[in-house]
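Enquirer: Given these sequences and hints, build the entire structure.
Protein chains in written order, with our numbering: chain A, 1 to 147; chain B, 1001 to 1425.
A couple of the hints might just be wrong.
Think about it this way: if two alpha-carbon atoms lie no more than 25 Å apart in a straight line, the pair counts; the simulated PhoX-like pairs of lysine-lysine are [unchecked claim]:
id: 1; chain 1: B; residue 1: Lys1168; chain 2: B; residue 2: Lys1334
id: 2; chain 1: B; residue 1: Lys1419; chain 2: A; residue 2: Lys17
id: 3; chain 1: A; residue 1: Lys31; chain 2: A; residue 2: Lys17
id: 4; chain 1: B; residue 1: Lys1127; chain 2: B; residue 2: Lys1168
id: 5; chain 1: A; residue 1: Lys124; chain 2: B; residue 2: Lys1419
id: 6; chain 1: B; residue 1: Lys1419; chain 2: B; residue 2: Lys1042
Hints were generated in silico from the structure; no laboratory data involved.
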Amino acid sequence: MADLRELYQEVILEHSKAPRNYREVKGADKKAEGFNPLCGDRFTVYLQMNGDAIEDIGFQGSGCAISKASASMMTQSIKGKTREQAQELFDNFHKVVTGQSEDESALGKLTVFAGVSEFPMRVKCVTLAWHTLQAALDDKQEAVSTE
Amino acid sequence: MTTAARLPREARSGIHEVESGYNAETIRADFPILNQQVHGHKLVYLDNAATSQKPKFVTDAIVRYYEHDNANVHRGVHYLSERATEEYEAGRRAAQEFINAADPREIVFVRSATEGINLVAQTYGRKRVGAGDEVLITAMEHHSNIVPWQLLCEEKGAKLRVAPINDKGELILEEFEQLLGPRTKIVAVGHVSNALGTINPVAQIVTLAHAKDIPVLVDGAQAVPRIPVDVQALGCDFYVFSGHKTYGPTGIGILYGRFALLDAMPPYQGGGEMISSVTFEKTVYNKVPHKFEAGTPDMSGAVGLRAALEYLNKLGMENIAQYEHELLENATRKVSAIPGVRIIGTAKDKAGVLSFVIEGVHPHDVGTILDQEGIAIRTGHHCAQPVMERFNVDATARASFGLYNTKEEIDALVRGIQKVQEVFG
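Expert: Now the structure itself:
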């Protein structure tokens, strides 16, 4: 049986209550909106690039504990990374949370989300901010949707 | 020989006698799906407003139809086709009697309540509504009673007007009345709100609209399974409901329309069944209701729906309504007593739906934690985003009750909510 405590780990609850980098980045040169039409979760991700590197990142919006904590921890883990490094991290993260891989070695603190793979209905929550980040990096004008 | 009389005796024994009083425990035995464990807990199914479970009486009827009676309807002269036609038309009469329509021809089989609304919007609506006209709905409608009208209004250059609701989730009748203007061509209103549980005063709404010669469509998807419905007493012009929310199968719904209106309406979809003669120059349409039933219909669905309505009749809609009202009062009292929980939708007249939010916890997280306790509720916007906006929430958690739920299950819900608060403590 999937364990609730695996899903709602302390660190996740803590981030959901006090999300990091929860702000608009003034003068951001990239920004995108992400939306999950099924549950109404909605986030905006702001990026300040320095060449190919993500110099600053912030997010705002509303969503469940999983989506908010994921957004918060995402901002911490990709700040300072290059676009390619961010993409690679998302690929690894995606494989783990969808149960396609158990290799959590590259995830660092993000391993706390591995438990989501036991809750398929919540995969969209945990990846919403990441899809939004991707859209911002790709300069997508339209809001990305999980559907 | 009537079809009902031909049903094997054992097939009719799956309905409990309720003369001795309503007993949810014995009723539950009719629903095999309820007897299971989810995540190591007894299943507590509180998502009846999304879809209801089916008694074995219904699934048996569908199996029996396929094993004994299946053939295409209104086509062949052979024995089985005749039987299938009889079964199908018996479904129509069952729906007619259940909502007390005056004539079986006023009952059109559709795929769902949603399709019923679309049918009216696309046929009656397209004929009646023109540029500058208005369609009036309420602020508590399900998307299925908003979007078909928006599509119509966009096409015609008409305006969708929305009658407001108060903080309890009740329609403000005075404002509704004021919005009934010279350009209002149709009123579309839910009987029972799926997100709030509000029972709308449909008879009063109809009286106000008819005073200005405006026809009224009622979305009864949440009402027909919960309260007695009499379309003649309500006086409405159109009424829709779905099979699957009414303890029947998915894929079938009912559109009721007053005969004169249906008769004057253009067809909806073209195809077989809806014609009386076809040449490449001209097609003569079939009579009401077949005019609106293009293609091979959902015959087994009609059989299953009839069984469901028969099942409900046996329990008695008055009994069901009263029992669910007790459940709702019990749940409202217990859930609202939990600190940090707010109930959304506190209308004086309510049926079977309890929407709530827990301070500091997103409804999606509530849903996941309750699911781990075996409790199935719906979380999200309930296909009623404007309602969420009206109450300044992104989403709610919604427990909705059915005829088989018990007070013990409400206690389980209360314990589940307390568990949510522990996890997020």
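Enquirer: Flag every earlier hint the structure violates by its number, smallest first.
Expert: Hint check: 4 fails alone, others pass.
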